[in-house]
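J.: From just these sequences and the hints, can you work out the full model?
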Amino acid sequence: MAGQTLYDKLWSQHLVKERDDGTALIYIDRQLLHEVTSPQAFEGLRLAGRKPWRLDANLATPDHNVPTTVIERAEGNAGIKDPVSLIQVQTLDDNCEAFGIEEFRINDARQGIVHVVGPEQGATLPGMTVVCGDSHTATHGAFAALAHGIGTSEVEHVLATQCLLAQKMKNMQVRVEGKLGTGVTAKDIVLAVIGRIGTAGGTGYAIEFAGSAIRDLSMEGRMTVCNMAIEAGARVGLIGVDDTTIEYLRERPFAPTAEQWDAAVADWRHLVSDDDAAFDKVVELDAATIEPQVSWGTSPEMVTGISGEVPDPAAAPDETVQRSYTRALEYMGLAPKQKITDIRLDKVFIGSCTNSRIEDLREAARVAKGKKVADSIKLAMVVPGSGLVKRQAEAEGLDKIFTEAGFEWREPGCSMCLAMNADKLGTGEHCASTSNRNFEGRQGYGGRTHLVSPAMAAAAAIAGHFVDVRSIDDSQPSVQEA
Amino acid sequence: MQKFERLEGLVAPLDRANVDTDLIIPKQFLKSIKRTGFGVNLFDELRYLDEGQPGQDCSKRPLNPDFVLNQARYQGASVLLTRRNFGCGSSREHAPWALEDFGFRVVIAPSFADIFYNNAFKNGILLIPLPEETVDRLFKEVEASEGYRLDVDLENQRVITPSGEILEFEVDAFRKHCLLEGLDDIGLTLKDEEAIRAFEEKHRQARPWLFRDTAQA
Ligand code: SF4
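Note that the protein sequences, when read in sequence, are chains Y and S. Numbered according to numbering that gives the first Met the number 0, the first sequence spans residues 0 to 481. Numbered according to numbering that gives the first Met the number 0, the second sequence spans residues 0 to 216.
Calculated from the structure, these hints are not laboratory results. Among the hints, erroneous ones may be present.
Simulated restraints on C-beta separations [to be verified]:
(1) Asn69/S <-> Asp275/Y: 51 to 59 Å
(2) Glu101/Y <-> Glu164/S: 53 to 61 Å
(3) Lys167/Y <-> Gln204/S: 23 to 31 Å
(4) Arg136/S <-> Lys336/Y: 30 to 38 Å
(5) Gly54/S <-> Thr426/Y: 47 to 55 Å
(6) Cys57/S <-> Thr426/Y: 16 to 24 Å
Facing chain S, a subset of chain Y residues (Cβ under 7 Å, in silico) [what the hints assert, rightly or not]:
(7) Lys16
(8) Glu17
(9) Phe98
(10) Gly148
(11) Gly150
(12) Ala263
(13) Ser323
(14) Lys399
(15) Thr402
(16) Gly440
If you're wondering where the values come from, they're calculated on a predicted model, not measured in any experiment. Ideal placement from N, C-alpha and C gives every residue a C-beta, glycine not left out.
T.: Structure below.
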């Protein structure tokens, strides 16, 4: 019999019950909560007179709606100027208080984007099932945790029963072998994968990322890769446990200690796919051929290398694709065959659960150091993923590098990743963004998003248009290699 | 949850692939702490010519005359016909809430994104995957004849076209059962309370570090 994949192992370790029709009840170890997808779930519990099954499995923090300027944040919740956003954040506070759920509130140093906070606290551990009412929960799979986004009814279901109704996914392995070029990062790997398999390529699959290029990544880089599994259509992205995983978790606040740590580590070592495990699908990429990536369209699969150009819809493989290319170019205000390096930018956003961790900020700061943001850029902002990331960056002097170069240095939150707070694009504005979605209107009504790595975003801020970060930065090794 | 047995309804065609949940219901409307009232903002950016704000009176906003749901012939539609990978992107359940609140109970497409698929069924919306060629043909039929209606029969898993053609579809047995009976998932799961408790105890013994209340201080 073939061995088991990592996903198979995690699945069977959490299987409570399987019904004849293939639907299963799986046990959930951790639920992360934020203000946008939880109010209706708490309301549902109340209406049905139910209580949370297990309080210590939950951890909450507001992130989507919180303002990110220093002045607004100084006032705490009162600094949230939009009354509807304020109600949502307050509702989270009230619900956590009423039900007894631990929450990192707006000005707690540990507050931040849930997907940055969970791992940073060690609240995400290998071998866990992790859910959150947010599709980028895939991020936590970097720790060999079975993690995926769920809807609000499911948030309520997990609160009430500690279980989720699920169906087993198929297994896909994405192998990236070889060494990444200088200036090429985890973000470029995952954008290249999405460009290859498409935004529906992973639908129905759990994707395990493997190969030497993945092993060489730090935990921050691995989280970036797993984060965007959902943009490839997969709810789950996974990476097996190794020393990098274990070292990252040592002494995190929620991680086990003493003998329990040793027992946990011994258990975690098994959280890899067996050598003879069978995958339903395998995709291979050569790391050395991956260029820094830039998305040109309104879907993350509409992406190309920095030396590339915007495609010509006339050359599209079929009619549906042709129509979507035409529509995307129209929305993005781009011409067929326009060179990527000719795309001029209005704003730059470095942040989001994809790229707001300390390593991301270091990468961007290294490019920005001693340079100036181009005059044509209306706003370049850096939004750390959590209060602790912010503190660390300040201890390293990164905030100074950014502000001296002309970037705004902000308070932690989702910010312009989805523009639920005041940070938005105006109609027609082009933005180099380290976030994960370039959908129409995502960063503001009529806004035009280009997805890139932190280093590429910083380089674009300085040039005012996209440039190959390798051409200005080839003297230094990338952080993964350091 | 609302039951779903059989529906005979007007079909509206949305000729677009990869419709994401941001497009179904833009983020500014996610600030609501309620489950209802999202219908007026369904496809907000396609439907209106201005930028919508939460809580605004939508009856006074300028409609986009080119958008299909604004056309007179599709008023009252309850079946949405669309293209592949419908519902991709964010996990927001506000997307099915908006579709349902607007009046859609059925969506037909060649494929659906995973999280949306779950969310839709939990809100009494039936998603019907049909082959790409069939969907193509339905688009042509809908556009060619005003007042085009489909008869959707969940019990027998078939869609009947006006010409009497029968299109069979797949739906998983558990979801079908829940839809037909209008069952609440949580109530069903809690029937397995003992099995969950037993699992939890075993799990706690094997991996105590997963439980903060028993983990070492
Ligand atoms: S940073 Fe963006 S993608 Fe991540 S959780 Fe926040 S809104 Fe979602």
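J.: Next, verify each hint and record whether it holds.
T.: Verification of the hints:
no.: 1; hint: Asn69/S <-> Asp275/Y: 51 to 59 Å; result: holds (57 Å)
no.: 2; hint: Glu101/Y <-> Glu164/S: 53 to 61 Å; result: holds (57 Å)
no.: 3; hint: Lys167/Y <-> Gln204/S: 23 to 31 Å; result: holds (25 Å)
no.: 4; hint: Arg136/S <-> Lys336/Y: 30 to 38 Å; result: holds (35 Å)
no.: 5; hint: Gly54/S <-> Thr426/Y: 47 to 55 Å; result: violated (22 Å)
no.: 6; hint: Cys57/S <-> Thr426/Y: 16 to 24 Å; result: holds (20 Å)
no.: 7; hint: Lys16; result: holds (5 Å)
no.: 8; hint: Glu17; result: violated (11 Å)
no.: 9; hint: Phe98; result: violated (15 Å)
no.: 10; hint: Gly148; result: holds (4 Å)
no.: 11; hint: Gly150; result: holds (4 Å)
no.: 12; hint: Ala263; result: holds (5 Å)
no.: 13; hint: Ser323; result: holds (6 Å)
no.: 14; hint: Lys399; result: violated (33 Å)
no.: 15; hint: Thr402; result: violated (29 Å)
no.: 16; hint: Gly440; result: holds (5 Å)
Comparing the model with each earlier hint shows violations of hints 5, 8, 9, 14 and 15; every other hint is respected.
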